[in-house]
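For the sequence shown, the residue numbers in our numbering are 10 to 147.
Hint data in this document are derived by calculation from the structure and do not stem from the laboratory. These numbers were taken from a predicted model, which means no experiment stands behind them. Heads up, the beta-carbon is just placed ideally off N, CA and C, and yes, glycines get one too. Among these hints, one or two may not hold up.
With a cut-off of at most 20 Å between alpha-carbon atoms, the simulated SDA-like pairs for lysine to any residue come out as follows [stated by the list, open to error]:
1) Lys91 with Val47
2) Lys91 with Glu121
3) Lys57 with Thr35
4) Lys71 with Tyr96
5) Lys57 with Leu67
6) Lys19 with Asn59
Now the in silico label distances, taken between C-beta atoms and shown as ranges [to be verified]:
7) Lys19 with Leu67: 18 to 26 Å
8) Glu25 with Asn49: 12 to 20 Å
9) Asp50 with Thr112: 39 to 47 Å
10) Ser46 with Pro89: 43 to 51 Å
11) Thr38 with Thr112: 19 to 27 Å
12) Ala119 with Met10: 14 to 22 Å
13) Asp50 with Gly70: 50 to 58 Å
14) Phe68 with Glu22: 12 to 20 Å
15) Glu40 with Lys102: 37 to 45 Å
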Amino acid sequence: MADAGGLPAKVQEVAEIENLEAVVLTLGTLESGFGESVGNDLRRDLIKQNGSLVYQQLFNGKILVLINFPFIEKYGQPQPPKTIAIYRPEELKEPYFQRHVETFITDVTAWEDYDDDVAAEPNQRIGFKMNFEKEEEG
């Protein structure tokens with residue numbers, strides 16, 4: 010699906026723990042455009058994780074589907090993963106995968122396209138939840 014849609018993603022298998030394996034559709038990492046001074050006129054680029062869609066086997070054999078949102082190292086705290094659903098392996102069919110990828114792209118796009126001019130939500134926050142809280146009127 011990623012290839013067909015021109016999505017710059019790759020699939021990785023994570024198998025460090027037997028029977029708790031995961032399959033991850035990741036958008037990869039890149040330089041964030043932010044950097045930190047490390048002394049003597051040296052600058053270190055901060056790395057951005059672009060987000061991922063994860064299918065993680067649970068202890069009971071079911072599959073947890075979740076989204077890891079993008080984040081930039083050393084810049085705030087990453088958002089907690091968003092759980093999409095938990096399935097029995099035999100329940101996962103192609104239409105579910107398509108819907109999961111659609112949800113993933115929609116959520117990552119919303120995170121990336123934060124717009125403080127849109128008053129969609131009273132305390133809408135950027136992906137890192139770093140903006141100022143709305144002051145209480147009194």
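Cross-check of the supplied hints:
{"no.": "1", "hint": "Lys91 with Val47", "in the structure": "34 Å, violated"}
{"no.": "2", "hint": "Lys91 with Glu121", "in the structure": "16 Å, holds"}
{"no.": "3", "hint": "Lys57 with Thr35", "in the structure": "12 Å, holds"}
{"no.": "4", "hint": "Lys71 with Tyr96", "in the structure": "6 Å, holds"}
{"no.": "5", "hint": "Lys57 with Leu67", "in the structure": "28 Å, violated"}
{"no.": "6", "hint": "Lys19 with Asn59", "in the structure": "12 Å, holds"}
{"no.": "7", "hint": "Lys19 with Leu67: 18 to 26 Å", "in the structure": "24 Å, holds"}
{"no.": "8", "hint": "Glu25 with Asn49: 12 to 20 Å", "in the structure": "38 Å, violated"}
{"no.": "9", "hint": "Asp50 with Thr112: 39 to 47 Å", "in the structure": "45 Å, holds"}
{"no.": "10", "hint": "Ser46 with Pro89: 43 to 51 Å", "in the structure": "30 Å, violated"}
{"no.": "11", "hint": "Thr38 with Thr112: 19 to 27 Å", "in the structure": "22 Å, holds"}
{"no.": "12", "hint": "Ala119 with Met10: 14 to 22 Å", "in the structure": "20 Å, holds"}
{"no.": "13", "hint": "Asp50 with Gly70: 50 to 58 Å", "in the structure": "55 Å, holds"}
{"no.": "14", "hint": "Phe68 with Glu22: 12 to 20 Å", "in the structure": "19 Å, holds"}
{"no.": "15", "hint": "Glu40 with Lys102: 37 to 45 Å", "in the structure": "38 Å, holds"}
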